[in-house]
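Engineer: Since the structure of chain V is already known, use the hints to place chain Y on it.
Protein chains in written order, with this note's numbering: chain V, 1 to 62; chain Y, 1 to 167.
Errors might be hidden in some of the hints.
[To be verified] Covered by chain V, per the in silico footprint, the following chain Y stretches (three or more residues, Cβ under 8 Å):
hint, region
1, 6-12
2, 15-21
3, 39-51
4, 102-108
5, 118-132
[Said to hold, decoys possible] Every beta carbon over 10 Å from chain Y, so not counted as near; a handful from chain V, in silico:
hint, residue
6, Met-51
7, Leu-55
8, Gln-60
In short, the hints are calculated from the structure, not lab data.
All residues carry an ideal CB built from backbone N, CA and C; glycine is no exception.
One letter stands for each residue in the lines below.
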Amino acid sequence: MQLNNLESAWRQLKLLNSMDHIESRELLAIIENPSNSNTGKLQRLVFNMIMFIILTIVCQSG
Amino acid sequence: MELEKKNFVRIIQANRGTIRSLCKIYYNSKEDQKDAFQDVVLQLWKSFDTFRGESEINTWIYRVSLNTILTKVRKDKKSVSAEPISNHHYYTSSAKADDQIELLSIIIQSLKDVDKAIMVLHLEGYRNREIAKILKLSPTNISTRLNRIKSDLKKKFNKKSYATKQS
Chain V
1 MQLNNLESAW RQLKLLNSMD HIESRELLAI IENPSNSNTG KLQRLVFNMI MFIILTIVCQ
61 SG
Chain Y
1 MELEKKNFVR IIQANRGTIR SLCKIYYNSK EDQKDAFQDV VLQLWKSFDT FRGESEINTW
61 IYRVSLNTIL TKVRKDKKSV SAEPISNHHY YTSSAKADDQ IELLSIIIQS LKDVDKAIMV
121 LHLEGYRNRE IAKILKLSPT NISTRLNRIK SDLKKKFNKK SYATKQS
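Here chain V stands alone, though its shape is the one from the complex (with noise of 0.2 Å):
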């Protein structure tokens, strides 16, 4: 099989991802704001956490 097939398809792979467009202001928000990703994560990790729990008490008590 020859890779260099392959080339054209990569390029249209990144045309694909560079079809939704990115606001300015998410950018500058990620770059200004570089805590405000960890809450995210954080946000995610609590949740699950939370769920891990109702989930083990609801297992539990069946």
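Structural biologist: Chain Y in isolation, oriented as in the chain V frame:
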């Protein structure tokens, strides 16, 4: 908006397809892809001062993005692991995605983390010594890995299956 930030935003917007594609080949879930995208943008911003046009923008984007993602992947061990060809996923949501993109997705999915980066840089047209510089590996290492990737793919994709994909 400061001129420096304005320039940076313009560069990221122009290269968003590349950065998103790199995040997608390493992470499956949208949340992980978003996290990776944010990490890459932040690292690009941190290194923007040192950029100063010494290398091409494209090379700078690939160097920072791939090294950031590879570090992140090693740290959280949540990357898209190498899978057998038969268990492939597609990176495009469109059901009618081009056959070549499907094939590329299947191939990349089957590679290990560093090999994915080598493959992408190879497809981008970088030579082995340039890939070595970007990924901070030796040119010999890149050459060996690339030969192994080609050899493995040759075994996995016989001419018949490739022809089927083409039709």
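Engineer: Under a C-beta cut-off of less than 8 Å, do 3 or more residues of the region 15-21 of chain Y approach chain V closely enough to confirm the stated coverage?
Structural biologist: holds (count 5)
Engineer: Is it the case that Leu-55(V) keeps its Cβ farther than 10 Å from each residue Cβ in chain Y?
Structural biologist: holds, 20 Å
Engineer: Grab the minimum beta-carbon distance between Gln-60(V) and chain Y and tell me whether it stays above 10 Å.
Structural biologist: holds, 29 Å
Engineer: Quick check: do three or more residues in the region 118-132 of chain Y have a beta carbon closer than 8 Å to a beta carbon of chain V?
Structural biologist: holds (count 6)
Engineer: Taking the closest pair, is the beta carbon of Met-51(V) still more than 10 Å from chain Y?
Structural biologist: Its Cβ never comes within 10 Å of chain Y, the nearest being 15 Å, so this holds.
Engineer: Examine the region 39-51 of chain Y for residues whose CB is less than 8 Å from any CB of chain V, and state whether their number is three or more.
Structural biologist: With 4 residues closer than 8 Å to chain V, the region 39-51 of chain Y meets the three-residue bar; holds.
Engineer: Has the region 102-108 of chain Y got at least three residues whose CB is nearer than 8 Å to a CB belonging to chain V?
Structural biologist: holds (count 4)
Engineer: Taking a Cβ-Cβ distance under 8 Å as contact, does the region 6-12 of chain Y have three or more residues in contact with chain V?
Structural biologist: Result for this restraint: holds, n = 3.
Of the hints listed earlier, there is not a single one the structure fails to meet.
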